[in-house]
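> One letter stands for each residue in the lines below.
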Amino acid sequence: MTNPSPEPLLSLFNVNTFYGQAQVHFDLSITVARGHIVCLLGGNASGKSTTMKIILGLVKPRSGEVTFDGASLIGLTTPQIVRRGIASVPEARRLFADMSVRENILMGAFVRNDREAVALDLDRMLTLFPKLGQRLSQRAGSLSGGEQQMVAMARALMSRPRMIVMDEPTMGLSPLYVDRVLELIRSINQAGVSVFMVEQNASLALEIAHEAYVLQTGRIVLSGPARALKDDPRVRDAYLGGSEAA
Amino acid sequence: MAEQHAPMLSLRGLTRRFGGLTAVDAIDLDLGKGELVSIIGPNGAGKTTLFNLVTGLDRPDDGAVRFEGQDITGLSPERLAAEGIARTFQLGRVFGNLSVMDNVLIGAHTRLRAVKPTVPVIGPLLELGLALLRPASVRAEEERLREEVKAILARFGERLLPRIDQPAYSLSYANRRRVEIARALALRPRLLLLDEPTAGMNPTETAEMQGLVAELKAEGLTILLIEHKLEMVMRLSDRVIVMDEGKKIAEGPGEEVRGDPKVIEAYLGHGLSGTTEQESAA
Amino acid sequence: MSSWLDYTINGLIVGNVYALVAVGLALIFGVSRLINFAQGSIYLVGAYIGWVAVVRLHTPLPLTIIVVAAAAAMVGLIIERFGLRPLQNSVRIAPLLATIGISFVLDQLVMLTFSPNPRALPSQLPDVRFQLGGGTIGPLDLLIAGVGLTSALLLFVFLRYTKLGWAVRATAQDRDAAMQMGVDVNRVNQAVFGIAAALGGVSGMLVGMYYNQIDTAMSLQATLKGVVAEVVGGAGNVPGAVIGSLLLGLVESYGVAVFGTSYRNLFAFLLLVVVLVLRPSGLFASARQAPPEPLTGTFIAPSRPVRIPRWALLVAAAAFAVLPFFPVSSYVLQTLINAWLLGMLALSLTLVAGTMGQVSLGHAALLAIGAYTSALLSLTLAVPVGLAVIGGGLMSAALGTLLISPSFRLRGHYVSIATLAIGEIVSLVILNWESVTRGPIGISGIPPLSLFGYDLISPFSVYWFSFAVMLVLALLQGRLLGSHLGRSFRAIRDDDIAARAYGLSLNRYKSLAFIFGGFAAGVSGGIAAHLYSYINHETFNTQQSILALTVVILGGLGNVVGAIVGSVALVGLPELFRIAAEYRILIYGIVLLLLVRFRPQGLLGTI
Chain V
1 MTNPSPEPLL
11 SLFNVNTFYG
21 QAQVHFDLSI
31 TVARGHIVCL
41 LGGNASGKST
51 TMKIILGLVK
61 PRSGEVTFDG
71 ASLIGLTTPQ
81 IVRRGIASVP
91 EARRLFADMS
101 VRENILMGAF
111 VRNDREAVAL
121 DLDRMLTLFP
131 KLGQRLSQRA
141 GSLSGGEQQM
151 VAMARALMSR
161 PRMIVMDEPT
171 MGLSPLYVDR
181 VLELIRSINQ
191 AGVSVFMVEQ
201 NASLALEIAH
211 EAYVLQTGRI
221 VLSGPARALK
231 DDPRVRDAYL
241 GGSEAA
Chain Y
1 MAEQHAPMLS
11 LRGLTRRFGG
21 LTAVDAIDLD
31 LGKGELVSII
41 GPNGAGKTTL
51 FNLVTGLDRP
61 DDGAVRFEGQ
71 DITGLSPERL
81 AAEGIARTFQ
91 LGRVFGNLSV
101 MDNVLIGAHT
111 RLRAVKPTVP
121 VIGPLLELGL
131 ALLRPASVRA
141 EEERLREEVK
151 AILARFGERL
161 LPRIDQPAYS
171 LSYANRRRVE
181 IARALALRPR
191 LLLLDEPTAG
201 MNPTETAEMQ
211 GLVAELKAEG
221 LTILLIEHKL
231 EMVMRLSDRV
241 IVMDEGKKIA
251 EGPGEEVRGD
261 PKVIEAYLGH
271 GLSGTTEQES
281 AA
Chain W
1 MSSWLDYTIN
11 GLIVGNVYAL
21 VAVGLALIFG
31 VSRLINFAQG
41 SIYLVGAYIG
51 WVAVVRLHTP
61 LPLTIIVVAA
71 AAAMVGLIIE
81 RFGLRPLQNS
91 VRIAPLLATI
101 GISFVLDQLV
111 MLTFSPNPRA
121 LPSQLPDVRF
131 QLGGGTIGPL
141 DLLIAGVGLT
151 SALLLFVFLR
161 YTKLGWAVRA
171 TAQDRDAAMQ
181 MGVDVNRVNQ
191 AVFGIAAALG
201 GVSGMLVGMY
211 YNQIDTAMSL
221 QATLKGVVAE
231 VVGGAGNVPG
241 AVIGSLLLGL
251 VESYGVAVFG
261 TSYRNLFAFL
271 LLVVVLVLRP
281 SGLFASARQA
291 PPEPLTGTFI
301 APSRPVRIPR
311 WALLVAAAAF
321 AVLPFFPVSS
331 YVLQTLINAW
341 LLGMLALSLT
351 LVAGTMGQVS
361 LGHAALLAIG
371 AYTSALLSLT
381 LAVPVGLAVI
391 GGGLMSAALG
401 TLLISPSFRL
411 RGHYVSIATL
421 AIGEIVSLVI
431 LNWESVTRGP
441 IGISGIPPLS
451 LFGYDLISPF
461 SVYWFSFAVM
471 LVLALLQGRL
481 LGSHLGRSFR
491 AIRDDDIAAR
501 AYGLSLNRYK
511 SLAFIFGGFA
521 AGVSGGIAAH
531 LYSYINHETF
541 NTQQSILALT
551 VVILGGLGNV
561 VGAIVGSVAL
571 VGLPELFRIA
581 AEYRILIYGI
591 VLLLLVRFRP
601 QGLLGTI
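Residue numbers (full-length UniProt numbering), protein chains in the order written: chain V, 1 to 246; chain Y, 1 to 282; chain W, 1 to 607.
In short, the hints are calculated from the structure, not lab data. Treat the hints with care, as some may be off.
[Said to hold, decoys possible] When the alpha-carbon atoms are kept at most 27 Å apart in a straight line, the in silico DSSO-like pairs for lysine-lysine are as follows:
| # | chain 1 | residue 1 | chain 2 | residue 2 |
| --- | --- | --- | --- | --- |
| 1 | Y | Lys217 | Y | Lys33 |
| 2 | Y | Lys247 | Y | Lys150 |
| 3 | V | Lys230 | Y | Lys33 |
| 4 | Y | Lys247 | Y | Lys262 |
| 5 | Y | Lys116 | Y | Lys150 |
| 6 | W | Lys163 | V | Lys131 |
[What the hints assert, rightly or not] Pulled from the structure, derived: some chain V residues nowhere near chain W, Cβ distances all over 12 Å:
| # | residue |
| --- | --- |
| 7 | Phe18 |
| 8 | Thr77 |
| 9 | Arg83 |
| 10 | Asn104 |
| 11 | Asn113 |
| 12 | Ser159 |
| 13 | Ile188 |
| 14 | Gln190 |
| 15 | Ala191 |
| 16 | Val193 |
| 17 | Ile220 |
| 18 | Arg227 |
Because the structure is a prediction, the values reported are computed rather than measured. Idealized CB from N, CA, C, for every residue including glycine.
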């Protein structure tokens, strides 16, 4: 399917997921190569967000395998998975609204015990997200959507992850912030962090991703290098769910 | 679009804010009798919030809703159901422990007459008494509704009829969506709001649902539809309204809207050319 | 000792004690969205551990406090680990029922270990009073204030400056997001239960010293007061809980100053009901966000009821009907009469809690209303007993529904709190309204059951009468469930938002459920009054409410046959195994816990 660059950092293989009786994923297989940005595209209720939850251990698949850096993630709790080096930027940011911006960012370093290095990383975040400097003691819930997204990304980076998973990082943001977020994802990736993002916003995601998968009602209907998919009319068809692309 | 009569449903400047976010931003909308209008737009555009405002589950901060000429802004959902507005829910809200039959019968609740005399004050007590005594009129009404429910379920072919006595929680996702629509039809609605009726359905099931909605439209039902599957929207809708970030960004016949660059942008993603004036609002 | 300053000081000191309980409740609610009904039991345990330390071990005061805090914290950890953690993935009603069960088990264990008689708990402090303005203050007052302030300070430091404290706050605000930061939610729960229990235990000990008396009735009172304070401050809001507690202490103290001691609790519960009705999310709640869309059926587990063939039910009913013709002892008949009376209460509760989803914890109040009405009608107005019992049922239906109606807009745990408080209010009104209820003396000389002029005194006639009444109520309820009302009630229980969208008025249908259920419970209470011939404000207590709840869970929520089977089982089996009376409530508590854990749908399944 995708170009077989180095051994994959993350792989999902033949994952089947159910909510009660309803099947959400049908033999879902996805790989994220080291150092790559991979995006998962799809419309509402296609099973995108559930894929995120599977990786993070928030939802257990009924069958299939999920491996990270060669070791299985199945059966691990979310905190254990986070300690393996996966950080997340959840859908709609999910900041700790009543905690300060500083506390939110530092919560990202919860799994770390090296206080001095954490303090240095906090400074690094403030150079990366200069706007947050003036807002450190403000309640996170009082920030605008775009600022919250910055906090969420800073928070995710604070654990020094090997991979970040993001759920619709551009959702509900104004165009200027969208650009900024995309730039940031690129620079995070260039610093060596692999990125797996779930997006509805196909054109943007394909702009920065290395590979992409298109999910339709729980099945991968299209996948390949982002460059190739960008101009593929099937993306639009499959994704908007109209034609019987499957 | 110019109707001679007052439209069935009309929204004016409808607005709902949650904290700093304006989920529905000054929406105007007119829906004529027998029309099918679709609302499309990306996730988080405010479509479901709009439905909640129309059906009384949420109150607008601003603006008005009129239904058949009368102001229904802020009325309770119970009242609006009695007025003939029925809806389905995005995530599928069936009554899990009720059988398929009972779920759909709840839809007919506002049509109960024999067992629910409209007497002030002691009406509820009479209802209790009649439910226990069950005179012939009550039994006949119940029987008639049960037959009607079967007829409604028959519209879904063999999907629901064989499962009529099963609890709803045991149904597949697609079947729960069907139960919801059956429940809405049992209300004999004058206005039907469908919130993503085909979400989570495969292409065959989607085609079936599309057929059903087309039938309902042909029967003269007025329908407001939220749907992501554009193909279906194009085939069914008289008009399409596109929402993004709480605002109406386009309105018109399906093909026209589909070609609108603003719509493609909203749907497939704000290209990098986006307008920047919203920055301060974000 | 009657100046306003004294009452203010007293109010603040009592408020401090409440705060120690309420802060724990708020922490637990924040992290797990659970109202811990066992908090008062930990407070009770703390008081008794304090007694052991002071009286038996003669520990010095600082050591006493440390011992109590540590031991209570252990209890809290055990509750979390074995009582609640296994229920993490079950429906929301499960942990609620579990904490109720745990509270009964703990209370009974304390009672069995130390006997129910009150004990003196000396304060270990010199008995002097300092003049302060127009009032006086003693060293114990200062100690309580000191412990309160120190705890608040320690808690503040913990939440604000420690990693675990941050984890607690993060979990309270967004559990999933906290997990994604690597927070181990189980550890957070442990920490919170440990802290809550330590504070609760110390609070119990201080109160024991304050009044120089401890007894097992303290538990329920503490839970109620703590919950009132917490809800007033806003569930899950820690500073709010402190302010709510002080406010509650002052309201009570001033209330006592004006109206007298016996009104203390009445003010507390009225405050609760007022807050629940006017500001259900507390005095300090921030503006609400968009209402979340809950998935359906998450409060009550989905299940398929066991179908019992009609002939089997007929055979069983016939067998019980002809039982007195066989040579059975009057002891067996007496036991079954108790089962039928409990069965009527359980029918009522299974309708309200099971079919309608309003888990009422004050159901015994409906018994009391029926019993007092029937007794007074027959005694003072010479109404024939048969009619008086029906009058009791009607009064219970009307008054019960009226009293409970403010809670119709509440959901889940809040309904349980409100009904618990309303139950207490009823009992307090009975105690205080002497001109009608004869107050603490109670009503004696209630005429025996009679029907059409014939006294029903023999065990046979009482057996048949109560069995017949229960059977009629059960048949009516079965008929109700088969009508459009049955499905309407269940629809509201499963998803009240969808139900409203289809025209079902919550007020109307909750009222009808309580009217029907209130009638059954009132009739049960009325019959009981004439059987006992003496009743007072304690005849129908919370233990009966909990027993009925256990029966309902055992039989299966909403299940009519289940309610009767459950009643026979819970009344009959302990008799069969000759279990001593004092162990029974312990066993009911354990049964409740086991059911919640292993068979939440009960024997015959939810309907």
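> Hint numbers the structure violates, sorted upward?
2, 3, 8, 9, 10, 11 and 12
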